[in-house]
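Undergrad: Now for the letters of each chain:
There are 2 protein chains.
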Amino acid sequence: MTENGCEYHERVLTVDTMNPNIKRLEYAVRGPIVQRAVQIDKELKMGIKKPFTEVIKANIGDCHAMGQKPITFFRQVLALCSYPDLLEDNKFPEDAKSRAQRILKACGGGSLGAYSTSQGIEMIRQDVARYIERRDGGIACDPDNIYLSTGASDAIVTMLKLMVSGEGASRTGVMISIPQYPLYSAALAELGAVQINYYLDEDNCWSLDINELRRALQEAKKHCRPRALCIINPGNPTGQVQSRQCIEEVIRFAADENLFLMSDEVYQDNVYADGCKFHSFKKVLFEMGPQYSSKVELASFHSTSKCYMGECGFRGGYMEVVNLDPEVKVQLTKLVSVRLCPPVPGQALLDVVVNPPQPDEPSYDTFIKERSDTLAALAEKASMTQDILNQVPGIKCNPVQGAMYTFPRIHLPPKAILKAKENGQSPDMFYCMKLLEETGICLVPGSGFGQRDGTYHFRMTILPLKDKLKVVLAKIKDFHQIFTEQYS
Amino acid sequence: MTENGCEYHERVLTVDTMNPNIKRLEYAVRGPIVQRAVQIDKELKMGIKKPFTEVIKANIGDCHAMGQKPITFFRQVLALCSYPDLLEDNKFPEDAKSRAQRILKACGGGSLGAYSTSQGIEMIRQDVARYIERRDGGIACDPDNIYLSTGASDAIVTMLKLMVSGEGASRTGVMISIPQYPLYSAALAELGAVQINYYLDEDNCWSLDINELRRALQEAKKHCRPRALCIINPGNPTGQVQSRQCIEEVIRFAADENLFLMSDEVYQDNVYADGCKFHSFKKVLFEMGPQYSSKVELASFHSTSKCYMGECGFRGGYMEVVNLDPEVKVQLTKLVSVRLCPPVPGQALLDVVVNPPQPDEPSYDTFIKERSDTLAALAEKASMTQDILNQVPGIKCNPVQGAMYTFPRIHLPPKAILKAKENGQSPDMFYCMKLLEETGICLVPGSGFGQRDGTYHFRMTILPLKDKLKVVLAKIKDFHQIFTEQYS
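Keeping their order, the protein sequence lines are chains A and B.
Residues 1 to 488 (the working numbering) make up the first sequence, in order.
Residues 1 to 488 (the working numbering) make up the second sequence, in order.
Accuracy of the hints is not assured; some may be wrong.
Since the list gives no way to pick out one identical chain from another, each pair is judged satisfied if it fits inside one copy or across any two copies.
As the list claims (entries may be wrong) - Capping the alpha-carbon separation at 20 Å, the derived lysine-lysine pairs in PhoX-like fashion look like this:
#1 Lys91 / Lys419
#2 Lys23 / Lys334
#3 Lys161 / Lys23
#4 Lys466 / Lys477
#5 Lys23 / Lys329
#6 Lys396 / Lys329
FYI, nobody ran anything at the bench for these hints, they're computed from the structure.
Quick caveat, the model's predicted, so the values are computed rather than measured.
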């Protein structure tokens with residue numbers, strides 16, 4: 001009997017009886033280090049003294065949380081859609097009003113509060129298709145191949161889910177880059193699929209090497225059935241931008257090896273380095289001619305969370321499927337219908353992202369200025385980050401060509417590695433935890449993304465406002481030097 | 001070689017190679033009949049002549065699409081949160097402004113565009129906890145036990161996912177009512193769990209009979225490991241409201257049989273019938289004393305999509321977990337973190353739902369009037385629906401005590417059943433398809449929710465505006481009589 005007067009009771013749901021796949025999955029971007037950061041933040045607010053006054057979360061690509069301002073036009077349209085009485089208000093520009101009216105007309109009962117079709121509002125899918133056509137120099141895009149989603153994560157998991165089958169040696173294998181964005185490893189663990197690692201080439205700006213793809217595939221064929229190849233371009237966490245040639249090689253490889261291509265292109269507007277340009281897999285595929293464009297199955301993903309708008313909280317996004325088997329498409333549509341529909345405010349936001357103010361419209365100038373300012377600030381911070389980190393002995397940082405992160409390699413002294421092992425931590429977790437405790441800066445250890453054995457990294461966003469980013473980089477520099485001395 | 005000049009190519013992803021669990025799942029609420037309704041709607045718009053002028057979608061609980069108006073206060077707060085410049089606008093009431101400011105202060109960078117913590121914004125979880133405490137007469141609620149979600153569906157699937165394990169005879173079994181809301185059967189199919197059917201008692205207002213639970217459980221134990229019991233109260237699609245005594249019996253049953261309780265309470269404000277009252281499982285559990293309240297594991301679900309606000313498109317919702325194993329809770333928090341966060345506009349909406357205008361605030365009177373008008377209109381339509389349908393020979397309809405649906409039993413003549421079988425359709429699908437083609441009214445066949453063999457039903461929402469609902473009911477009446485004559 002317990003103090004409550006009832007017998008000892010074995011719970012139904014325990015870590016021993018729960019879904020073992022869920023136990024296995026890990027998601028470092030919101031893992032233990034972030035939980036500790038939240039705790040430290042609370043301690044600071046309670047008045048507990050620390051060697052710093054604030055926690056700086058450079059662990060996640062959360063633009064607005066880091067002080068980036070939303071695009072005025074987008075928010076005006078969202079306000080008008082939320083409360084259509086404002087359409088009578090002459091403070092709003094006409095183009096915002098007409099966009100809002102057009103969106104509301106496409107909503108059930110003229111309300112953001114109605115469900116949409118599960119694939120997403122048809123008019124918005126048409127707008128997305130036209131946006132893709134403009135982006136890809138006129139290559140056709142069928143709105144029926146567009147699925148709106150709850151952020152890109154939702155669509156990525158949905159496609160993986162569709163693909164996983166088999167047991168033992170015929171279990172579906174999915175190739176992912178290492179380092180990777182841990183959504184992929186987490187989704188594959190949850191689905192019980194086989195994760196096939198291919199390593200990006202750190203010595204060549206984190207580029208993708210086809211020979212490494214080949215090696216990984218041959219090895220994987222021994223114990224699973226490889227069926228899909230995932231690419232993140234621009235890279236997360238690695239910030240590289242793939243060349244057109246590299247993309248062609250990947251497509252040829254996928255065609256030769258019968259792999260379904262999944263291209264995660266959520267950072268397509270985040271390209272900073274001179275000579276780098278974003279090429280969509282869709283465009284390259286179609287420019288390679290019908291022997292590829294009629295054959296290779298492709299799903300590509302985009303989101304409202306990144307680029308210049310950074311609207312993570314709205315959970316907007318879409319995927320385009322190319323050459324998907326029509327019967328599978330029916331199954332996909334059925335699968336997404338179970339969750340009813342993606343959030344309609346996120347769909348509305350996506351509509352203005354793909355259909356922004358035009359040169360003859362009143363909001364155009366402000367829109368262009370806000371967009372360019374944000375992208376210019378990101379480009380400046382990308383270059384500042386790599387410059388300063390590369391000045392630190394023991395830190396080596398590839399150029400941040402695109403996306404929102406740097407993934408520098410850190411040299412850790414053997415004593416630090418030993419100490420980490422004693423603590424049961426990975427050495428870069430030990431390093432990042434110590435950095436957090438001593439400076440308030442929250443990064444994610446490289447081990448959460450995957451890295452070659454014996455190498456250590458961290459992922460840091462370039463998102464803090466310029467002056468704060470300078471402080472962050474200076475603090476990391478000092479910390480690294482002291483840490484190195486301490487454990488040498 | 002095909003006309004494209006490339007060899008015949010076997011696709012990677014086909015219905016033969018895809019995830020077999022996805023193939024198996026069905027979701028009738030958005031199934032073939034709805035797809036046909038969308039098609040007919042397009043045909044009408046193209047000018048194709050039909051015996052009717054519009055498609056009336058009575059298949060889904062989509063309030064705003066059916067003409068229900070949003071609550072003004074909620075939309076004002078959402079507009080203010082979306083475009084905070086409006087906080088300077090004196091057209092907005094002070095209470096809406098202060099709610100918006102409070103929500104924005106709890107958002108990263110003061111923006112709806114920032115990610116929230118994966119469990120949901122802490123302040124909003126605190127507001128939800130206080131709301132639950134008020135609802136349940138002061139029984140304590142810990143904000144740490146609240147998980148905000150993307151509609152209730154998301155949270156329900158998450159809990160089921162956590163619970164599924166084992167193979168063969170030790171595979172997790174989950175008890176669901178028949179008729180059920182097909183999210184449950186779809187999620188269980190997707191997860192490869194065993195669906196255990198218990199039948200509601202149609203002759204007793206679709207009430208839940210403990211003996212039937214017992215029967216279903218005993219039978220299921222032969223081929224799986226039953227671990228959870230799902231309850232929908234008020235019922236979907238059946239509209240019954242469970243008595244306090246029934247809930248007590250269910251809790252005792254769950255305690256005796258070691259079952260995890262999942263109570264889907266998204267219609268908790270939708271109770272219309274005299275003498276019926278909503279009792280939350282949480283409240284009843286705690287009133288039954290510590291031998292139950294310290295033991296029975298419970299997850300209960302709520303949503304912003306139903307009740308009087310009907311804001312389906314925002315995908316807001318929450319779940320409360322009670323007596324969840326602390327280690328499992330860590331796993332749950334990790335699992336939800338992979339999807340980053342529920343949509344923040346939906347979280348903001350949930351906050352005003354659980355924290356609406358108070359008597360001393362300027363928006364109170366309007367809020368109360370809008371809420372009561374909506375609920376009164378629903379109550380009137382509930383009673384009108386059952387009255388008119390029960391006048392039709394061959395249709396028998398239980399009282400719509402709550403929720404938003406009626407699930408009448410329809411008598412189908414043997415010739416109609418034969419004809420349906422020739423078409424490869426379930427008889428009630430045949431009936432509903434014919435109704436759609438002849439009247440434009442879209443219902444969902446009972447077979448999509450489950451029903452006793454040899455009985456036939458349909459689910460119809462009570463949501464069309466009163467005058468339209470009258471027309472719908474009159475058309476169904478006429479159709480049923482003609483259909484019966486035609487096949488007799």
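Undergrad: Could you run down the list of hints and mark each one as holding or not?
TA: Hint-by-hint comparison with the structure:
1. Lys91 / Lys419: neither (62 Å within a copy, 62 Å between copies)
2. Lys23 / Lys334: Result: close only across copies, 9 Å inter versus 28 Å intra.
3. Lys161 / Lys23: both (18 Å within a copy, 11 Å between copies)
4. Lys466 / Lys477: Answer is within; shortest intra-copy Cα gap is 16 Å, inter-copy 69 Å.
5. Lys23 / Lys329: Classified as between: cross-chain Cα gap 11 Å, same-chain 31 Å, threshold 20 Å.
6. Lys396 / Lys329: neither (45 Å within a copy, 39 Å between copies)
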